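First to last, the protein sequences are chains A and B.
In terms of the working numbering, the first sequence opens at residue 1 and continues consecutively.
In terms of the working numbering, the second sequence opens at residue 168 and continues consecutively.
Treat the hints as calculated values from the structure; they're not laboratory data.
Hints are all accurate, no fakes.
Simulated DEER-style distance windows between Cβ atoms:
no., chain 1, residue 1, chain 2, residue 2, range
1, A, Pro96, B, Thr287, 43 to 53 Å
2, B, Pro214, A, Gly144, 13 to 23 Å
3, B, Thr212, A, His166, 17 to 27 Å
Quick caveat, the model's predicted, so the values are computed rather than measured.
Glycine residues also receive a C-beta, built at the ideal position from the N, C-alpha and C atoms.
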Amino acid sequence: MNTPGPDGAAPATVPATPTREALATRPEPLWPYALLGIALGIVFIRAEVVSWFRIQEMFRFQAFHMYGIIGSAVAVGALGVRLIRRFEARSFTRRPMEIPTERFEAPGYQYWLGGIAFGLGWGLLGACPGPIYVLFGSGVTVMGVAFLSALAGVWTYGALRHRLPHS
Amino acid sequence: MELLTRPWPWYVAGPIIGLTVPLVYLYAGRKWGISSTFRDVCAATFPHGIEHFRYSWRHVGGWRLTMALGLVVGGLLAGVTRSDDVAISEATRSDLAVLGITDFSGLVPAEIFSWASLGTLPGLVLIIGGGFLVGFGTRYANGCTSGHAISGLSALRLTSLVAVIGFFVGGLIATHVLLPLIMGGGL
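Same shape as in the complex, but just chain A (with noise of 0.2 Å):
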C-alpha cells in the first residue's frame, strides 16, 4: 500500500512521510516545468478551459466542447501511460515511475465526500486549480482571493484530518 495519491503527493495511506522522494538521488531540472506551466497556461487559455462561462456551459450540458476536451485529454494520457508500461520506459531523469499501480481500489469515503465538496466548487467558482493560477496571471487578479481561500480550505482539511471520514 505505498501507492502515491493521485496527485503525486505523499502516499494515500501514509501521509506524512513522503520519504521516496526525499530519498531519490539528485532532483531533476525544475525549469522544464515552468515551460510545460506556461504551455498549458496559453492552452488554458486559448481553449477557454479557464472561462467560468465555459463551466457553466458543462454543467448545463449545453456543448460538446469541455466533455471533447477532457474526453480526448483522458484517451492520450491513457494511451501513453499504456506504453509506457508496456515499454516499460524510464523516465529520462532516472527518478523512480510513480504510475499508480492498484486500479480496483475500493474507493472509500474521501473519493465521495472530497469529490462532491470539490464539484461544489467547481461549479461556483468555474475554476479548478489549475485555472485558478492561469486567470490570476491573465489579470483576473480577485483569483488571488480565491487562491487564499483554497488555501485556507485545504489548512482546514489538513486540520480535520483525523475527524473526516475516510476509507
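With chain A fixed as given, assemble chain B onto it according to the hints.
Below, chain B alone, put in the same frame as chain A:
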C-alpha cells in the same frame, strides 16, 4: 490570425493536455497534478504543527510549484492578447441572462469576478466560498481535475472515477440549485 482569435477546438486542446501525463512521467516519473501545490504552500507558510503539512515541500513539491508559476506566466502571455467574447452556446447565454449575467466580454463574468463584488452575496459565495470548497475538496479527495480526471483516469483507477463522479454531482448541484438561490434576486 484565426489561430489567435478563435478558441482552440477541443481536439487540439484536449490531446495537448493529455500528453502532459506521459510527458511528465517520461521526464521524471512524476504523476501530474496541480492541486497539491496548495498543500505545498500551506506546508511552506503555515504548517502550524499539523501532520498533513509536515513534509519536505521543497523536495516533494518543487516541481509542481515551478509549473504553477509557469501557469501564471502563461496566463499573462495569453491573456493580454485575447479580447473577444467566450464562444459559449446561445442556450447558456440565455440561461445565464436569467440569473442576471449579461456581460460576456471576458473569460469570467465581470459582474461577479471583481474586487468590488467581494462585498456582495454572489461575489462572497462564488469566490470565497467556491475557492474554499475547491481547496478543501481537492485535498479530501486527494486530487483535482488534473490529478483525478486526467492522470487518475489515464491510469484507469476506480477511485479516480468515483472522485470524478463526485465532481460532477457537486457541480450539478452548484449550477442548478445553489446558483439560482444565490443569484435569484438578480445582482
